[in-house]
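Participant: This is what each chain is made of:
There are 2 protein chains.
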Amino acid sequence: MSYNKAPSITAETINPKVKLFNYEPCGEIVMHAERLQQKLDENPGSLPFQEVKLPPALSVDILRLTSLCEHLDFVQQITHCNLGNPQVLGQRPVTFFREVLSLCDNPTLLDKDETRALFSPCAIRRARRILNSLPGKDTGGYTDSRGIKNLRQAVADGICARDGFPSKRDDIFLTDGASSAVNLMMQILIRSHEDGILCPLPEYPLYSGSIILHGGTMVPYNLTEDCGWGLEIFEVKRCLEEARSAGLTVRAMVVINPGNPTGQVLSITNQEEIVEFCRKEGLVILADEVYQENVYSENKKFHSFKKVARSLGYDETDLSIVSFHSVSMGYYGECGRRGGYMEMTGFPADVKDQIYKVASLTICPNIAGQILISLAMDPPKLGDESFELFEDEKEKIHSSFLKRAKTLEKAFSSLEGVSCNTFEGALYFFPRFHLPLGAIRAAESEGVSPDTFYAHRLLDATGIAVVPGSGFHQASGTTHIRCTILPHEGKIAAMIPRFRAFHEAFMKEFRGSEPRMTDFRR
Amino acid sequence: MSYNKAPSITAETINPKVKLFNYEPCGEIVMHAERLQQKLDENPGSLPFQEVKLPPALSVDILRLTSLCEHLDFVQQITHCNLGNPQVLGQRPVTFFREVLSLCDNPTLLDKDETRALFSPCAIRRARRILNSLPGKDTGGYTDSRGIKNLRQAVADGICARDGFPSKRDDIFLTDGASSAVNLMMQILIRSHEDGILCPLPEYPLYSGSIILHGGTMVPYNLTEDCGWGLEIFEVKRCLEEARSAGLTVRAMVVINPGNPTGQVLSITNQEEIVEFCRKEGLVILADEVYQENVYSENKKFHSFKKVARSLGYDETDLSIVSFHSVSMGYYGECGRRGGYMEMTGFPADVKDQIYKVASLTICPNIAGQILISLAMDPPKLGDESFELFEDEKEKIHSSFLKRAKTLEKAFSSLEGVSCNTFEGALYFFPRFHLPLGAIRAAESEGVSPDTFYAHRLLDATGIAVVPGSGFHQASGTTHIRCTILPHEGKIAAMIPRFRAFHEAFMKEFRGSEPRMTDFRR
Numbered sequence: 001m002s003y004n005k006a007p008s009i010t011a012e013t014i015n016p017k018v019k020l021f022n023y024e025p026c027g028e029i030v031m032h033a034e035r036l037q038q039k040l041d042e043n044p045g046s047l048p049f050q051e052v053k054l055p056p057a058l059s060v061d062i063l064r065l066t067s068l069c070e071h072l073d074f075v076q077q078i079t080h081c082n083l084g085n086p087q088v089l090g091q092r093p094v095t096f097f098r099e100v101l102s103l104c105d106n107p108t109l110l111d112k113d114e115t116r117a118l119f120s121p122c123a124i125r126r127a128r129r130i131l132n133s134l135p136g137k138d139t140g141g142y143t144d145s146r147g148i149k150n151l152r153q154a155v156a157d158g159i160c161a162r163d164g165f166p167s168k169r170d171d172i173f174l175t176d177g178a179s180s181a182v183n184l185m186m187q188i189l190i191r192s193h194e195d196g197i198l199c200p201l202p203e204y205p206l207y208s209g210s211i212i213l214h215g216g217t218m219v220p221y222n223l224t225e226d227c228g229w230g231l232e233i234f235e236v237k238r239c240l241e242e243a244r245s246a247g248l249t250v251r252a253m254v255v256i257n258p259g260n261p262t263g264q265v266l267s268i269t270n271q272e273e274i275v276e277f278c279r280k281e282g283l284v285i286l287a288d289e290v291y292q293e294n295v296y297s298e299n300k301k302f303h304s305f306k307k308v309a310r311s312l313g314y315d316e317t318d319l320s321i322v323s324f325h326s327v328s329m330g331y332y333g334e335c336g337r338r339g340g341y342m343e344m345t346g347f348p349a350d351v352k353d354q355i356y357k358v359a360s361l362t363i364c365p366n367i368a369g370q371i372l373i374s375l376a377m378d379p380p381k382l383g384d385e386s387f388e389l390f391e392d393e394k395e396k397i398h399s400s401f402l403k404r405a406k407t408l409e410k411a412f413s414s415l416e417g418v419s420c421n422t423f424e425g426a427l428y429f430f431p432r433f434h435l436p437l438g439a440i441r442a443a444e445s446e447g448v449s450p451d452t453f454y455a456h457r458l459l460d461a462t463g464i465a466v467v468p469g470s471g472f473h474q475a476s477g478t479t480h481i482r483c484t485i486l487p488h489e490g491k492i493a494a495m496i497p498r499f500r501a502f503h504e505a506f507m508k509e510f511r512g513s514e515p516r517m518t519d520f521r522r
Numbered sequence: 001m002s003y004n005k006a007p008s009i010t011a012e013t014i015n016p017k018v019k020l021f022n023y024e025p026c027g028e029i030v031m032h033a034e035r036l037q038q039k040l041d042e043n044p045g046s047l048p049f050q051e052v053k054l055p056p057a058l059s060v061d062i063l064r065l066t067s068l069c070e071h072l073d074f075v076q077q078i079t080h081c082n083l084g085n086p087q088v089l090g091q092r093p094v095t096f097f098r099e100v101l102s103l104c105d106n107p108t109l110l111d112k113d114e115t116r117a118l119f120s121p122c123a124i125r126r127a128r129r130i131l132n133s134l135p136g137k138d139t140g141g142y143t144d145s146r147g148i149k150n151l152r153q154a155v156a157d158g159i160c161a162r163d164g165f166p167s168k169r170d171d172i173f174l175t176d177g178a179s180s181a182v183n184l185m186m187q188i189l190i191r192s193h194e195d196g197i198l199c200p201l202p203e204y205p206l207y208s209g210s211i212i213l214h215g216g217t218m219v220p221y222n223l224t225e226d227c228g229w230g231l232e233i234f235e236v237k238r239c240l241e242e243a244r245s246a247g248l249t250v251r252a253m254v255v256i257n258p259g260n261p262t263g264q265v266l267s268i269t270n271q272e273e274i275v276e277f278c279r280k281e282g283l284v285i286l287a288d289e290v291y292q293e294n295v296y297s298e299n300k301k302f303h304s305f306k307k308v309a310r311s312l313g314y315d316e317t318d319l320s321i322v323s324f325h326s327v328s329m330g331y332y333g334e335c336g337r338r339g340g341y342m343e344m345t346g347f348p349a350d351v352k353d354q355i356y357k358v359a360s361l362t363i364c365p366n367i368a369g370q371i372l373i374s375l376a377m378d379p380p381k382l383g384d385e386s387f388e389l390f391e392d393e394k395e396k397i398h399s400s401f402l403k404r405a406k407t408l409e410k411a412f413s414s415l416e417g418v419s420c421n422t423f424e425g426a427l428y429f430f431p432r433f434h435l436p437l438g439a440i441r442a443a444e445s446e447g448v449s450p451d452t453f454y455a456h457r458l459l460d461a462t463g464i465a466v467v468p469g470s471g472f473h474q475a476s477g478t479t480h481i482r483c484t485i486l487p488h489e490g491k492i493a494a495m496i497p498r499f500r501a502f503h504e505a506f507m508k509e510f511r512g513s514e515p516r517m518t519d520f521r522r
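These protein sequences, in sequence, are chains F and R.
Position 369 (the first sequence) corresponds to 369 in full-length UniProt numbering; numbering is contiguous.
Position 92 (the second sequence) corresponds to 92 in full-length UniProt numbering; numbering is contiguous.
Mixed in with the good hints there might be a few duds.
Derived BS3-like pairs: lysine-lysine, alpha-carbon spacing no greater than 30 Å straight-line [to be verified]:
#1 F:K307 - F:K396
#2 F:K357 - F:K19
#3 F:K39 - R:K357
#4 R:K168 - R:K280
#5 R:K137 - F:K406
#6 F:K352 - F:K237
#7 F:K301 - F:K237
#8 R:K394 - F:K137
#9 F:K39 - F:K508
#10 F:K394 - F:K300
#11 F:K19 - R:K357
#12 R:K280 - F:K19
#13 F:K137 - R:K112
#14 F:K19 - R:K352
#15 F:K19 - R:K168
#16 R:K381 - R:K112
#17 R:K19 - F:K19
#18 R:K39 - F:K168
#19 R:K357 - F:K357
#20 F:K168 - R:K17
#21 R:K149 - R:K137
Simulated from the structure, these hints should not be mistaken for laboratory data.
When you get a sec, could you build the whole thing from the sequences and use the hints?
Facilitator: Here it is, written out as structure tokens:
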């Protein structure tokens, strides 16, 4: 009898589409950072870098700290600038959100006297209201696969208040964060590799990953770095036409606004052009609007694509738009809860029924995420007991983001061979590095891209983890890193001198005999 | 200029695989039940059925209630026997679980004096321990895509304690319930429609749905109703060989134990045969073990497939097994939280890396679900302050399930033309209905299957919602319904006379001139 001793499933025999994509924000650099942290935990002092030791919630004057940082305590740990994961880096959650969540999880609290000393009256009222709207009046039940009716209504009302245009509950699907919603839409839209989806470059690799995994073809269009990562419609048109000539059916256009990894906020004129273009070409707009609360530029404001379309007089019969939002970003920062919604307008009822059916294969989104996204879209109002604290917390997070961004922007711009666009929104910088030819050759000889080479060297020397630009499909021949603004103000202040010292030494090492900076566009 | 006025996405132009599957537990009968409930809410008294009115957590003597039910209050509402959704039907959550969750959501509680009056000391200790193991010591951060290290360790330790064989943390992926884990595995295993997955019939339609959606081919094997829905290995072998002759590469065998919708528990001998078979044939065992805490038969016990394989002396090099578990079922009933794990053994490291990468596309499972599955696998122990209450709650749920099951089994067995197997495990009955020819013809003339016809009539007449057997791909020519044991004991007692009266009237109406029951196997 011949028994099959080898495991039946090997890397050679799995779905080949799985092997075709990479997801760098959770990829090799992060794993390397984890290995280093583990080394530090097991053997403190074994690596050549130090991080400033701060209680995570401490509020400090960043400028004062910068001048004082030699007097502070230090600890050896990794500085994570790789992932948009604010609460892991010390951002405190919004009190009202957590009070409501805590009460919904344990409704017996609602009848106890002690509860009034621990929770705000409006959190208690909100928890009662939410619990009353749940099946079985508890958080333990499966819900409608689109989410709880009343919570979807709260989201629709929030969208309407934000945009000034109606939003319908039945257009809202609550989801386990935006990522699973994007995956669901790709599953619906893509029939074969002959279906194309327009995506920006640089792009957040959820899009390329999801398109590849579902068997479609990514049709990239370039954002223009020299115009502040602006989106030029003639470039999108060129890519669409090229894809069509190659026999692709292009079904949708992904727009990330505010941009990830590029941090730009689209102008309303630009958004209008996109709406007109997608309408004319019959493309679904897949609008990644998860950074809608992260706009810092005084001259820019967030406008949803639906609002722009409605303002132009276009309705559901004119074009299809899906807007993705999430509780992970904004001032909320509730990444681990996996809460989000998609609003889909301009889709026939029978298509929505099919989307409903696919969503029902995993039965329903998690209830804590459902509750949180409803709170994000319907936060405390003037007159609510929590309102003042809520506004204060929100404002503190926003102004701290702004301070950190300005500090980082100044630092990046002052580095030799680095150009950095003005930061308008989202949570990231995507500065460009013009590295010496020596560094490019050294990277080549190690078989990695120059950005990966730089990021690994940076991590090993300073403990600062950033994501190489190639993880976001930067334009060929350019070198970027993505760096979040999320470490605590004090940590940002303390990491800048380390970053600068590393960069200067790196440039010196690789410049060698070659005095001139070389852009290696090829 | 020719503008495309029609929406660009229609039901005709979406991914055709989406249209090929059905998911009946959330399907047409549920939507019809919702319509009826809405009708009742808007216009009470408009439908011809009543439901006994009981406070959801009331404990009643089911037999006494049966004789007294004419003296009780009634209310018009749907009796949901369609979905395994216990807490929506009045089951109370486990106190310890919710205390820990509530504290983890709102860690500021941990420092307050009032908290000691509201939470058990061991819930406070556990919450502290969990929070200390989280990145940023809070529930708001993204976690490793496989879940928090310490929570995965708790799950591995729980598996080891359950089975008596080692379990490794790095074999554990925490997931948003079992459904998303099954979807993930299908995505990994299926390369094209030439890849087949063996699935039991009747089956839980997550499997057919997920296989179709990922482009594979379901290779069904029949469970034998006459042998208590037993799994006969020669039948599986026959199906495997048939599939291979047809050119399919069969990659895995799904086994649901305890069974859904069929409620059987596999004997250990049967499990050993399956292990030997899959080992010999090089098939991955996809073991749906979500009902492992739902075993009621005195002669049966739950054994994980990994335990059976290790007991036979087989290790990781001999065969690949994935075990799926979830917090939705058992005595936990935490469906809406979407918590679960998969334990994968016998997979090479580079395959697990690829699975990790696919999981990272949606970044991480939700944290509340992660915490809950760790609590389910590491509940309070003797000596913990919560232990007694925990054991009491668990025992009450178990014994109530048993009472409800016995009541339903007796009721189904006593109906004319209905045969019903002994209930051994899970949460469902799957009785067979031998309907009169008249009913079959009436169903045909309405263009529906006889089980759908019966289930709709039952719902309209009594408000009792069950799922037609065709939703689970019952054997052709047979008629079943799936009915959960989950409504409250009092409601089950009260629904039985309604069910019986309906059934008798139905049989009388359609028997007509034909005196004999007809099995319409064809």
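Participant: The structure should be examined with respect to each hint, and the outcome stated for every one.
Facilitator: Here is how each hint holds up against the structure:
{"no.": "1", "hint": "F:K307 - F:K396", "verdict": "28 Å, holds"}
{"no.": "2", "hint": "F:K357 - F:K19", "verdict": "28 Å, holds"}
{"no.": "3", "hint": "F:K39 - R:K357", "verdict": "23 Å, holds"}
{"no.": "4", "hint": "R:K168 - R:K280", "verdict": "25 Å, holds"}
{"no.": "5", "hint": "R:K137 - F:K406", "verdict": "28 Å, holds"}
{"no.": "6", "hint": "F:K352 - F:K237", "verdict": "29 Å, holds"}
{"no.": "7", "hint": "F:K301 - F:K237", "verdict": "26 Å, holds"}
{"no.": "8", "hint": "R:K394 - F:K137", "verdict": "21 Å, holds"}
{"no.": "9", "hint": "F:K39 - F:K508", "verdict": "29 Å, holds"}
{"no.": "10", "hint": "F:K394 - F:K300", "verdict": "19 Å, holds"}
{"no.": "11", "hint": "F:K19 - R:K357", "verdict": "9 Å, holds"}
{"no.": "12", "hint": "R:K280 - F:K19", "verdict": "28 Å, holds"}
{"no.": "13", "hint": "F:K137 - R:K112", "verdict": "28 Å, holds"}
{"no.": "14", "hint": "F:K19 - R:K352", "verdict": "12 Å, holds"}
{"no.": "15", "hint": "F:K19 - R:K168", "verdict": "25 Å, holds"}
{"no.": "16", "hint": "R:K381 - R:K112", "verdict": "26 Å, holds"}
{"no.": "17", "hint": "R:K19 - F:K19", "verdict": "27 Å, holds"}
{"no.": "18", "hint": "R:K39 - F:K168", "verdict": "21 Å, holds"}
{"no.": "19", "hint": "R:K357 - F:K357", "verdict": "26 Å, holds"}
{"no.": "20", "hint": "F:K168 - R:K17", "verdict": "28 Å, holds"}
{"no.": "21", "hint": "R:K149 - R:K137", "verdict": "13 Å, holds"}
Checked against the numbered hints given earlier, this structure breaks none of them.
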